[in-house]
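Asker: Residue numbers (the numbering used here), protein chains in the order written: chain A, 15 to 152; chain B, 15 to 152; chain C, 15 to 152; chain D, 15 to 152; chain E, 15 to 152; chain F, 15 to 152.
Worth flagging that the hints you see were computed from the coordinates, not collected in a lab.
It is possible that some hints are incorrect.
The list treats identical chains as interchangeable, and a pair is accepted whether it falls inside one copy or across any two copies.
Said to hold, decoys possible - Keeping only pairs whose Cα atoms sit at most 20 Å apart, straight-line, the calculated EDC-like set for lysine to aspartate or glutamate is: (1) Lys73 with Glu113; (2) Lys77 with Asp122; (3) Lys73 with Glu136; (4) Lys16 with Asp122.
Number of protein chains: 6
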Amino acid sequence: MKEYFCSRLVKSEDLNHHGTLFAGRTAEWFVESAFIAAASTMGDPEKVVCLNIHGFVFKTPIKKGEIVKFVSKVAKLGNSSIVVHTRLDMELSHITPIEGFITFISVDENGNKISHGLVMDEAKDDEELKIRERAKKL
Amino acid sequence: MKEYFCSRLVKSEDLNHHGTLFAGRTAEWFVESAFIAAASTMGDPEKVVCLNIHGFVFKTPIKKGEIVKFVSKVAKLGNSSIVVHTRLDMELSHITPIEGFITFISVDENGNKISHGLVMDEAKDDEELKIRERAKKL
Amino acid sequence: MKEYFCSRLVKSEDLNHHGTLFAGRTAEWFVESAFIAAASTMGDPEKVVCLNIHGFVFKTPIKKGEIVKFVSKVAKLGNSSIVVHTRLDMELSHITPIEGFITFISVDENGNKISHGLVMDEAKDDEELKIRERAKKL
Amino acid sequence: MKEYFCSRLVKSEDLNHHGTLFAGRTAEWFVESAFIAAASTMGDPEKVVCLNIHGFVFKTPIKKGEIVKFVSKVAKLGNSSIVVHTRLDMELSHITPIEGFITFISVDENGNKISHGLVMDEAKDDEELKIRERAKKL
Amino acid sequence: MKEYFCSRLVKSEDLNHHGTLFAGRTAEWFVESAFIAAASTMGDPEKVVCLNIHGFVFKTPIKKGEIVKFVSKVAKLGNSSIVVHTRLDMELSHITPIEGFITFISVDENGNKISHGLVMDEAKDDEELKIRERAKKL
Amino acid sequence: MKEYFCSRLVKSEDLNHHGTLFAGRTAEWFVESAFIAAASTMGDPEKVVCLNIHGFVFKTPIKKGEIVKFVSKVAKLGNSSIVVHTRLDMELSHITPIEGFITFISVDENGNKISHGLVMDEAKDDEELKIRERAKKL
Chain A
15 MKEYFCSRLV KSEDLNHHGT LFAGRTAEWF VESAFIAAAS TMGDPEKVVC LNIHGFVFKT
75 PIKKGEIVKF VSKVAKLGNS SIVVHTRLDM ELSHITPIEG FITFISVDEN GNKISHGLVM
135 DEAKDDEELK IRERAKKL
Chain B
15 MKEYFCSRLV KSEDLNHHGT LFAGRTAEWF VESAFIAAAS TMGDPEKVVC LNIHGFVFKT
75 PIKKGEIVKF VSKVAKLGNS SIVVHTRLDM ELSHITPIEG FITFISVDEN GNKISHGLVM
135 DEAKDDEELK IRERAKKL
Chain C
15 MKEYFCSRLV KSEDLNHHGT LFAGRTAEWF VESAFIAAAS TMGDPEKVVC LNIHGFVFKT
75 PIKKGEIVKF VSKVAKLGNS SIVVHTRLDM ELSHITPIEG FITFISVDEN GNKISHGLVM
135 DEAKDDEELK IRERAKKL
Chain D
15 MKEYFCSRLV KSEDLNHHGT LFAGRTAEWF VESAFIAAAS TMGDPEKVVC LNIHGFVFKT
75 PIKKGEIVKF VSKVAKLGNS SIVVHTRLDM ELSHITPIEG FITFISVDEN GNKISHGLVM
135 DEAKDDEELK IRERAKKL
Chain E
15 MKEYFCSRLV KSEDLNHHGT LFAGRTAEWF VESAFIAAAS TMGDPEKVVC LNIHGFVFKT
75 PIKKGEIVKF VSKVAKLGNS SIVVHTRLDM ELSHITPIEG FITFISVDEN GNKISHGLVM
135 DEAKDDEELK IRERAKKL
Chain F
15 MKEYFCSRLV KSEDLNHHGT LFAGRTAEWF VESAFIAAAS TMGDPEKVVC LNIHGFVFKT
75 PIKKGEIVKF VSKVAKLGNS SIVVHTRLDM ELSHITPIEG FITFISVDEN GNKISHGLVM
135 DEAKDDEELK IRERAKKL
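Excised from the complex, chain A in its bound form (with noise of 0.2 Å):
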């Protein structure tokens, strides 16, 4: 499925009592991000909702100054339920401290589940595959 990319250049008021990135602002751009691949799939904002955080680990500190490229892609879909995996990069040491799933689901303008009637098409490479996997197993 197609990528989306978020980059943010994380600077003073993204950072927590230790100087470092706030967890509760990065788990706001993992949401947003996210959310972006969703609807942008779907092709309406208005037809999606956020349902499920699935859970991410933080693996490591991000400082101030650090580029962190968020890049999120449907890992899975049910009848009316878009799966998001999106992983956080750094942008340049290249390691990947975050990364996790997120479920919306496609509304009616009332807020009813609908059928979005989205298809997945081939995974484009192995780790296409396993995000998938462990989409399946969420």
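Take the given structure of chain A and dock chains B, C, D, E and F to it, following the hints.
Answerer: Just chains B, C, D, E and F now, with coordinates in the frame of chain A:
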């Protein structure tokens, strides 16, 4: 364990494009609330960092003008880990649309894991017992 | 009257150029915390607006990484007015660097003053009695 | 004394759940505007801290899209204290829905009170005289 | 034309990773300040939208704790266009690190261009004349 | 040169009083996106500062709920200067309402200009060639 409370008014700056509380903002508040319980129990915010958001489900949208109350308490203690349970209560309608666990670890000034020396107290009721059982299975 | 709690972690985005909690941010949190007590006691945030900040003294600077707890409760009731007392407690050092009163009024959907129909309960202790005495003299 | 001006456009991020300017945001801007007058008169922002918000009344709600102008000037000088009067003017309707006083003190690099050495000039008109009379009674 | 003033204190939330005022934040304040001049001159913020930022040079970094003053005035009027000149003065050091022009247009409630009916007054001094000459060449 | 992508969801906190994306917020995102391209190409965010926003035109208003994608790449290199071209694409409607150039310079730890040692690669297509031609004329 002692409960910590963070109430918030949902204002315009907190809304997504649907006009309801943005899931990313909810996640940010969730992390801050859990951190406050972990750091207060530990007695020193400098020695606590976020390791793992275990995931949570958004059961119902939250509207502008709602008062949301995050209630957090420690649910499990490892040698250096502190697992916090947080639930979001609607102050006026008394429903609980979101709840989940976040794991923190205690660290020294260089960011290395240290033993926190905390011990669990007696669970005050059945509900707390059940939460502790769930924390053990994370 | 029932107490309402709003705890917050002091992060980089909350600091002034001295590196301590910006007085303007403190004032913003003070108002939000008092509002939550007034609106929750009233049972409907739509019917409560802020009328008067009665002033408060900043006794000591608050540092990055501190956990601050705003504790608010109704201290006086007029026909349409609701006077809230708020104090800011430092969660870990147990000092109270700021406290004061804010008056709200209850309004209908056109913003006109209405009677709120609330009544004061018995003060639970001497401290609450003293706060109520002070509220009478505002 | 010299007047300092801070104009602001009321945008979505500044609104409460009523769709009008959030009282907490107003208070934040009020403090920043008064600080600018105190620090500019003093000539060094590093040496000025906020001591006391003397309270102010919200006479009328302020709507989205309004342009608000904070006008601040020093109203009284003690040995180390600087009392600033701030009023909020509506740029287009020319009404003044909020005004009040904030006291700052001058401090050295360790936060200890110091004499600021400032002196009041001649009041430029009757209005300024009246404000100075009110400041004396705080 | 009448000058409009927006002073701001540079706080932690406004800093980039160098610890100086983030260029993006400067640009945001620049636009808001110019908008206030255009909308106030027009007499109705609802009828003014931003069309063109003509570019500006950052001559010197701005530090935390600085007081920056944006000074804006109308520099040219077309049939529906309003060109505003804005300069950023440092309140205490009296240097002007940034200045430039922004063009707004007046629109009706459907967003269509309308004639604003404004006319330029006499330039009050040589400096204003020079700014108007530069605005003609944009 | 390599393209860098920053996608964003337009939320309530980003809106002006018209209910569309605030031009000041657009400018802030524009600068951050261009900075990410300059600093990533340079390989070190510490050594890059913003010098010049060359101006850009807002061709169409952007509504709440839209997904906007900033696409940035280096368009010209001087000895110490890095000129970045940024365009804002609407993810779903595929129009490009804003584009322009920002110049950065590479500096040492004291803020003095240094040679960055970067060289342009082959333009990958006609569009990139045209952008580079425009950058030469700035």
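Asker: For each hint given before, does the structure comply? Return the numbers of the non-compliant ones in rising order.
Answerer: 3 and 4
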